[in-house]
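K.L.:
Sequence:
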Amino acid sequence: MTWPHVDPSAVPAPPRTDHFVLEPLRPEHAESDHVAWMSSIDHIRSTPGFGDGAWGPDSWPYEMSLDDNRRDLEMHWDEFQRGVAFAFTVLDPTDGDVIGCVYVDPDDGPLPEGDARGDVMVRSWTRASHAEIDGVLVDAVDRWLHDSWPVTQVRWPGRHRP
1 MTWPHVDPSA VPAPPRTDHF VLEPLRPEHA ESDHVAWMSS IDHIRSTPGF
51 GDGAWGPDSW PYEMSLDDNR RDLEMHWDEF QRGVAFAFTV LDPTDGDVIG
101 CVYVDPDDGP LPEGDARGDV MVRSWTRASH AEIDGVLVDA VDRWLHDSWP
151 VTQVRWPGRH RP
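Residue numbers are given in our numbering: position 30 of the sequence shown equals residue 30, and the series is strictly consecutive.
The following label-pair restraints were derived from C-beta to C-beta distances:
id : residue 1 : residue 2 : range
1  : Glu31     : Leu111    : 32 to 38 Å
2  : Arg45     : Ala13     : 28 to 34 Å
3  : Ser39     : Val84     : 24 to 30 Å
4  : Leu111    : His146    : 18 to 24 Å
5  : Glu23     : Thr152    : 23 to 29 Å
6  : Asp67     : Pro106    : 25 to 31 Å
7  : His146    : Gly114    : 17 to 23 Å
8  : Ser32     : Asp139    : 23 to 29 Å
9  : Thr94     : Tyr62     : 25 to 31 Å
10 : Glu113    : Pro27     : 35 to 41 Å
11 : Asp78     : Gly135    : 27 to 33 Å
12 : Leu111    : Ser32     : 29 to 35 Å
13 : Glu113    : Ala10     : 31 to 37 Å
Since the hints were derived computationally from the structure, they do not count as laboratory data.
Ideal Cβ placement from N, Cα and C applies to all residues, glycine included.
Produce the complete structure using the sequences and hints provided.
P.N.:
If you want it as structure tokens, here you go:
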């Protein structure tokens, strides 16, 4: 399996539902993004794919300043524009607040025992106050990736997907 190298200008239109709107994560989301995840660190750490050291010994989420978060979002946006990785913000459709995030990355890192490698590795989190949409988000993103992206295998660390 190889990374699909999707041209950033050809990224399929993200899903929109009654529960959320997905759009590319950009630096202008920094303030709302920072509030969302800083208020939900423990919840995110309990979300499959996070809090398990999968992102290194200093695995996110950990407290950081708004300026550090802005730099992090600039890095994600740069990766998106280069087609290296794709981060999407999850917005509340009623007020536009950030209520989560989705990361679509090449599946080229360490592979836990028993996991099968995918074309892409996907992680997502929701704000603690919106935990009830987690399953809806995962299902919609999984369907979108399978139906609209040039991938056949999508790996969700810590989640068992058919």
